[in-house]
Amino acid sequence: MPDGIKIFGIGILSWIVWLPTLGALFLLLFNREMKNRIRWFSNLWIGLCFLISVPLVTGLGGGMHGYDKALGGLQFIEDYEWIPLLGARYQLAADGLSLVLILLTTLLGVLSVVCSWAYIREKGREKEFYIMLFLLQTGMIGAFAAADLFLFFIFWEVMLVPMYFLIGIWGGANRLYSAIKFFLYTLVGSVVMLLAVIKLYFIFPVVVQNNPNVVLDSARQYASSSLTDPQRRGQVNAKMMNMMENAILRAQGLDKQNDSAPLPPEYVRSSFNIAALTAIGPHIKTVYGLGLAIWLFIGFGLSFAIKAPMFPFHTWLPDAHYDAPTAGSVILAGVLLKMGTYGFMRFSLPMFPDAANHPRVRQVMVILAIIGIIYGALVAMAQKDVKKLVAYSSVSHLGFIVLGLFALNPNGINGAVMQMINHGISTGALFMLAGILYERRHTYDIAEFGGLAHVMPTFSTIFLIVTLSSLGLPLMNNFIGEFLALRGAFEANVVWGAFATVGIILGAAYMLWLYQRVFFGQVKNPANEGLPDLDRREAWQFAPLIFLIFWIGIYPKPVLDYINPQTEIVVAQVQPGYFKDATPAQRIQVGKEKTDEAQTVAQDQSQR
Amino acid sequence: MPALLQAATDFQTIARQAGQLIMPEAILTLFACAALILDVMLPRNRKRVVAWVCLAGIGASLVSLGILYFNISSREAARTGFFDMIIIDNYAVVFKLMFLIGAALSILLSIKYLDTEGEQRGEYYALILFSVTGMMFMASGVDLLTLFISLELMAISVYILVGFLKRDQRSNEAAMKYFLLGAFSSGVLLYGISLVYGLTGTTNLAKIAAALPTVASANYNLLGTPADMRYLVLLSMILMAAGMFFKVAAVPFHMWAPDAYEGAPTSITAFMSVAVKAASFAMFGRLFLYGLPDLRGALEGDPANNIAGLPGWALLLGIVAAITMVWGNLAALIQNNTKRLLAYSSISHAGFTLLGLIAGNQTGYTAFIIYLFIYTLMNLGVFGCIIALRRRGIAGDRMEDFNGLVRKAPWLTVMMTIFLLSLGGIPPTAGFVGKLYLFMGLIETGNPWLVRLAILAVLMSAVSLYYYIRFIRAMYIEPESEPQPLSLSRPLQTALAVAVLLVMLIGVYPQPLIRLTQKAATSQGLKTYVYEEKPAATDSTDQPGAVPLPPTPPRR
Numbered sequence: 131m132p133d134g135i136k137i138f139g140i141g142i143l144s145w146i147v148w149l150p151t152l153g154a155l156f157l158l159l160f161n162r163e164m165k166n167r168i169r170w171f172s173n174l175w176i177g178l179c180f181l182i183s184v185p186l187v188t189g190l191g192g193g194m195h196g197y198d199k200a201l202g203g204l205q206f207i208e209d210y211e212w213i214p215l216l217g218a219r220y221q222l223a224a225d226g227l228s229l230v231l232i233l234l235t236t237l238l239g240v241l242s243v244v245c246s247w248a249y250i251r252e253k254g255r256e257k258e259f260y261i262m263l264f265l266l267q268t269g270m271i272g273a274f275a276a277a278d279l280f281l282f283f284i285f286w287e288v289m290l291v292p293m294y295f296l297i298g299i300w301g302g303a304n305r306l307y308s309a310i311k312f313f314l315y316t317l318v319g320s321v322v323m324l325l326a327v328i329k330l331y332f333i334f335p336v337v338v339q340n341n342p343n344v345v346l347d348s349a350r351q352y353a354s355s356s357l358t359d360p361q362r363r364g365q366v367n368a369k370m371m372n373m374m375e376n377a378i379l380r381a382q383g384l385d386k387q388n389d390s391a392p393l394p395p396e397y398v399r400s401s402f403n404i405a406a407l408t409a410i411g412p413h414i415k416t417v418y419g420l421g422l423a424i425w426l427f428i429g430f431g432l433s434f435a436i437k438a439p440m441f442p443f444h445t446w447l448p449d450a451h452y453d454a455p456t457a458g459s460v461i462l463a464g465v466l467l468k469m470g471t472y473g474f475m476r477f478s479l480p481m482f483p484d485a486a487n488h489p490r491v492r493q494v495m496v497i498l499a500i501i502g503i504i505y506g507a508l509v510a511m512a513q514k515d516v517k518k519l520v521a522y523s524s525v526s527h528l529g530f531i532v533l534g535l536f537a538l539n540p541n542g543i544n545g546a547v548m549q550m551i552n553h554g555i556s557t558g559a560l561f562m563l564a565g566i567l568y569e570r571r572h573t574y575d576i577a578e579f580g581g582l583a584h585v586m587p588t589f590s591t592i593f594l595i596v597t598l599s600s601l602g603l604p605l606m607n608n609f610i611g612e613f614l615a616l617r618g619a620f621e622a623n624v625v626w627g628a629f630a631t632v633g634i635i636l637g638a639a640y641m642l643w644l645y646q647r648v649f650f651g652q653v654k655n656p657a658n659e660g661l662p663d664l665d666r667r668e669a670w671q672f673a674p675l676i677f678l679i680f681w682i683g684i685y686p687k688p689v690l691d692y693i694n695p696q697t698e699i700v701v702a703q704v705q706p707g708y709f710k711d712a713t714p715a716q717r718i719q720v721g722k723e724k725t726d727e728a729q730t731v732a733q734d735q736s737q738r
Numbered sequence: 308m309p310a311l312l313q314a315a316t317d318f319q320t321i322a323r324q325a326g327q328l329i330m331p332e333a334i335l336t337l338f339a340c341a342a343l344i345l346d347v348m349l350p351r352n353r354k355r356v357v358a359w360v361c362l363a364g365i366g367a368s369l370v371s372l373g374i375l376y377f378n379i380s381s382r383e384a385a386r387t388g389f390f391d392m393i394i395i396d397n398y399a400v401v402f403k404l405m406f407l408i409g410a411a412l413s414i415l416l417s418i419k420y421l422d423t424e425g426e427q428r429g430e431y432y433a434l435i436l437f438s439v440t441g442m443m444f445m446a447s448g449v450d451l452l453t454l455f456i457s458l459e460l461m462a463i464s465v466y467i468l469v470g471f472l473k474r475d476q477r478s479n480e481a482a483m484k485y486f487l488l489g490a491f492s493s494g495v496l497l498y499g500i501s502l503v504y505g506l507t508g509t510t511n512l513a514k515i516a517a518a519l520p521t522v523a524s525a526n527y528n529l530l531g532t533p534a535d536m537r538y539l540v541l542l543s544m545i546l547m548a549a550g551m552f553f554k555v556a557a558v559p560f561h562m563w564a565p566d567a568y569e570g571a572p573t574s575i576t577a578f579m580s581v582a583v584k585a586a587s588f589a590m591f592g593r594l595f596l597y598g599l600p601d602l603r604g605a606l607e608g609d610p611a612n613n614i615a616g617l618p619g620w621a622l623l624l625g626i627v628a629a630i631t632m633v634w635g636n637l638a639a640l641i642q643n644n645t646k647r648l649l650a651y652s653s654i655s656h657a658g659f660t661l662l663g664l665i666a667g668n669q670t671g672y673t674a675f676i677i678y679l680f681i682y683t684l685m686n687l688g689v690f691g692c693i694i695a696l697r698r699r700g701i702a703g704d705r706m707e708d709f710n711g712l713v714r715k716a717p718w719l720t721v722m723m724t725i726f727l728l729s730l731g732g733i734p735p736t737a738g739f740v741g742k743l744y745l746f747m748g749l750i751e752t753g754n755p756w757l758v759r760l761a762i763l764a765v766l767m768s769a770v771s772l773y774y775y776i777r778f779i780r781a782m783y784i785e786p787e788s789e790p791q792p793l794s795l796s797r798p799l800q801t802a803l804a805v806a807v808l809l810v811m812l813i814g815v816y817p818q819p820l821i822r823l824t825q826k827a828a829t830s831q832g833l834k835t836y837v838y839e840e841k842p843a844a845t846d847s848t849d850q851p852g853a854v855p856l857p858p859t860p861p862r863r
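Chains Y and X, in that order, are what the protein sequence lines are. The numbering used here applies: residue 131 is where the first sequence begins, and numbers increase by one. The numbering used here applies: residue 308 is where the second sequence begins, and numbers increase by one.
Please note: incorrect hints may appear among the correct ones.
What the hints assert, rightly or not - Simulated restraints on C-beta separations:
1. X:Arg714 - Y:Ala200: 35 to 41 Å
2. Y:Val344 - X:Ala384: 57 to 63 Å
3. Y:Leu152 - X:Ile321: 56 to 62 Å
What the hints assert, rightly or not - Cut-off 25 Å, straight-line C-alpha distance, at most; resulting in silico cross-link-like pairs (DSS-like, lysine-lysine):
4. X:Lys715 - X:Lys514
5. Y:Lys199 - Y:Lys687
6. X:Lys826 - Y:Lys253
7. X:Lys514 - Y:Lys165
8. Y:Lys165 - Y:Lys311
9. Y:Lys311 - Y:Lys136
To be verified - Quick look at which bits of chain Y chain X covers, simulated, 3 or more residues with Cβ under 8 Å:
10. 287–293
11. 494–506
If you're looking for bench data, these hints aren't it; they were derived computationally from the structure. A quick note: this is a predicted structure, and the numbers were derived from the prediction, not measured. In this text, a Cβ means the ideal position worked out from N, Cα and C, and glycines have one as well.
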């Protein structure tokens with residue numbers, strides 16, 4: 131069992147989270163006129179930030195192993211006292227889900243810095259630009275790595291500010307409007323979430339005291355290594371369990387670290403520990419009734435739905451994407467949007483399983499997701515502008531992710547998480563490509579281009595690979611994610627799957643049409659004739675993305691191995707009976723019943 | 308003879324208590340008088356020495372306050388004196404600390420500013436000290452008389468300070484308006500006080516609290532004849548509340564605030580918006596939590612109803628807080644003068660602060676005090692940045708004056724950004740901790756109406772970000788419109804640096820401040836209200852809506 135990785139006595143997750151901030155502090159010392167040094171320093175530093183996240187997988191030698199897939203659960207736990215009077219602790223930890231997203235973030239961080247090499251020379255104010263990117267990086271990684279809800283919320287809100295500046299200062303023509311729109315939309319979501327967090331914080335001790343043993347059982351299930359593998363069944367991640375027990379015993383007024391002696395009376399009973407709060411999830415209904423669970427679900431879900439963004443809340447996204455600088459767009463599409471879906475998977479589903487599994491709630495979420503898929507694709511098709519098209523395609527892709535999550539079965543959720551990563555890779559690459567077009571021509575207008583395949587062959591090839599990946603060609607990454615998500619959707623309800631599949635067809639249509647309009651035919655616009663092809667930096671920055679596109683597309687198992695344990699636990703939490711009937715035939719039966727149930731609900735609604 | 312002896316021992320007791328209990332105030336008064344004398348003796352160009360003398364006075368007062376604090380915390384009990392007219396408990400000490408910090412920072416902000424305005428005179432600093440003396444008695448007074456006199460001491464000093472730029476018409480107008488409305492509100496307050504005295508026969512808050520339940524019960528037998536005094540009790544409570552609403556600038560009694568804030572010297576605007584407001588809130592808390600705890604009444608969903616059949620101050624404060632937050636924030640959206648904008652922002656913050664009182668539990672009181680504490684720091688910081696923009700020929704109070712500030716003064720801009728984000732409640736700044744506590748207080752009650760109020764409050768804090776962001780936009784994104792460079796004075800920089808450090812420190816590690824304010828919130832005599840516990844354990848029905856639900860979160 132890994133003891134966690136420590137460098138100079140500080141846990142690796144702390145390093146990964148705070149190293150970018152450290153870089154920002156160093157940048158403060160630079161003279162703002164030393165532009166080249168600032169640029170070189172930032173590029174090297176962000177590379178270092180990526181390198182330091184690699185040991186999460188590979189280990190560091192000397193007995194410090196990487197993430198132990200056989201053990202599963204939260205690892206690399208760092209747990210320190212922070213605000214005892216609130217019960218908030220400085221807790222960082224990573225499970226398979228956080229781990230892949232952290233790696234995605236650090237990788238895209240590097241790319242976003244590298245790809246703005248030329249852009250920022252043109253726009254100026256390098257120092258502030260890189261400081262903002264570094265701070266954003268800390269906020270995002272921190273949100274993925276936080277194991278304490280209070281800490282999570284702080285990182286969650288901190289992200290907004292640098293992103294506001296990135297769009298507002300270095301953005302396009304309409305940047306002021308887009309920046310404030312982005313800021314206020316996401317802020318409204320997160321303040322509502324704050325209320326739900328507080329409510330959860332107050333009900334935690336009551337639910338625990340109501341029946342500590344069942345909560346401990348849930349905690350044990352949540353910390354177990356695997357629910358399907360007979361060899362590992364019953365094996366529990368002891369450190370994670372220990373962390374949860376601490377919080378649960380505190381709620382009963384006992385101090386676990388002090389031989390279960392009674393806590394001093396002024397000590398708060400409650401806790402912000404995410405894992406412990408998840409353990410009370412299935413029992414909120416017993417103590418407080420379903421109504422509260424649903425309200426809490428809505429409180430959290432609204433925030434995530436805005437961030438993801440799901441259909442009625444998506445209007446900030448095209449504006450923000452359109453006006454953001456390339457680096458901002460890459461981060462926004464690649465990581466920030468995943469915050470919403472990560473939130474669904476980490477909080478909404480396992481913490482409020484009764485609400486998530488409630489037929490009507492689930493139906494609403496799925497219908498919104500399907501509307502998002504089809505509507506996003508249709509609107510993307512109508513765009514006259516490369517960047518807006520990619521932005522709307524994100525709405526469509528994120529719809530797949532939400533659909534997969536609310537299929538509430540392992541395939542759907544695995545597919546959703548795969549899709550989070552894939553969308554980050556493909557759309558990140560698309561925005562970088564669009565950024566290169568913009569640097570050459572200072573426009574995103576599709577009608578301005580045409581026949582670029584003749585003048586920019588390398589660029590066209592890379593664009594083609596990414597396009598095909600984005601529309602889900604087999605042997606490429608998106609195929610795996612979409613296939614799994616759709617399989618999950620069909621398993622849950624054939625109708626959902628059928629509607630969602632339309633989105634894939636539309637996706638192929640708008641992406642290929644885009645490619646055709648930009649690259650094929652003759653060069654009609656004289657401005658395009660002398661466009662230079664990619665230089666060496668521009669070409670090589672796509673290498674890791676293209677490698678990932680094919681790797682995940684051809685052999686996704688290594689990634690799935692990280693995700694799957696977490697997925698199983700979430701499914702077991704939301705659908706307690708799912709793994710008990712192990713045979714596939716029965717599983718389909720369960721799916722059918724669900725379908726019938728959903729249809730009755732639909733009939734109910736239509737009768738009204 | 309025995310009567311004389313008795314009087315002599317009384318005098319001795321008073322003298323001894325005076326030496327201990329009111330030492331911080333006594334020191335301040337002495338230094339203020341010394342400042343007045345010194346002012347006459349100093350030549351015109353050396354007047355700023357008075358400022359340093361007054362700062363020394365505040366320092367000495369802080370030291371004696373510290374001694375007093377250790378004195379009461381070692382005994383673990385509050386101390387009363389002057390025939391129960393004042394009390395020194397944690398509540399008083401924390402508020403006094405707040406006033407002293409606020410006054411010290413305001414003086415630091417003023418020194419250069421008064422030079423620029425050409426009004427560097429010693430009585431300015433003396434008046435600040437006198438008003439702080441008044442404030443400190445407001446925090447520790449537990450008698451209607453003490454409270455009212457100290458309120459007037461504070462108010463009159465501040466009336467003069469608002470009109471201190473006597474050659475500036477706006478300043479004069481502001482002072483006049485502030486004085487007239489302030490005097491009127493004092494009258495209203497006094498009317499309420501007189502009614503309470505008439506009903507209970509005492510001016511001591513603890514005795515009033517003890518007498519009120521009998522008075523407020525229906526069919527109180529006054530002079531042997533049955534009479535219903537409930538409405539009179541209610542009326543006196545409303546009058547007192549109205550007087551206090553004036554002082555804290557809560558809607559609909561806020562009209563004076565934007566004009567007074569805009570016209571007053573900026574350093575006094577800063578002082579008014581934090582210290583005067585905090586002092587008024589301290590008195591508000593004393594009056595209502597100490598003197599009228601049983602008039603809280605009940606909200607729908609609460610178990611107990613204290614004035615039989617009538618609503619109490621919880622409802623009144625709830626409504627006022629709601630409209631204050633909404634109106635303050637919406638009106639701030641359209642302002643273009645930064646001082647006026649911040650006046651409306653400070654009105655909305657008064658609404659937020661009231662939430663702590665309304666919650667009525669320990670968390671709520673902690674929130675009430677911690678929020679005022681944090682608000683003092685961050686609002687002073689913001690005004691300090693506006694003062695920094697004041698230079699020859701430029702008033703510095705238009706939004707355009709912030710344009711492109713980041714190129715001229717990057718550090719000032721960063722500090723201003725932190726203060727603004729803190730005012731908006733974005734972590735990891737102190738403002739977030741304050742807001743978090745306010746919402747926690749409301750949510751802990753579980754009362755559906757209070758949860759609705761919390762939802763309104765969070766939405767309004769999102770709205771408030773819109774106008775705070777306007778500053779940030781001007782500073783970072785807009786091009787420079789005024790080439791004249793800034794000249795920052797050393798004291799101003801010090802004050803801002805202290806404020807920004809505290810704001811960040813409290814934001815990242817709030818534990819010490821929470822501990823301090825929690826002690827204050829658990830001071831004896833502050834009555835907390837327990838709400839009905841949830842149907843724990845036994846009730847396992849799956850009915851939705853078995854528990855009071857939080858209301859519908861708004862959708863866009």
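Ascending list of hint numbers which this structure does not respect
1, 2, 4, 6, 7, 8, 9 and 11
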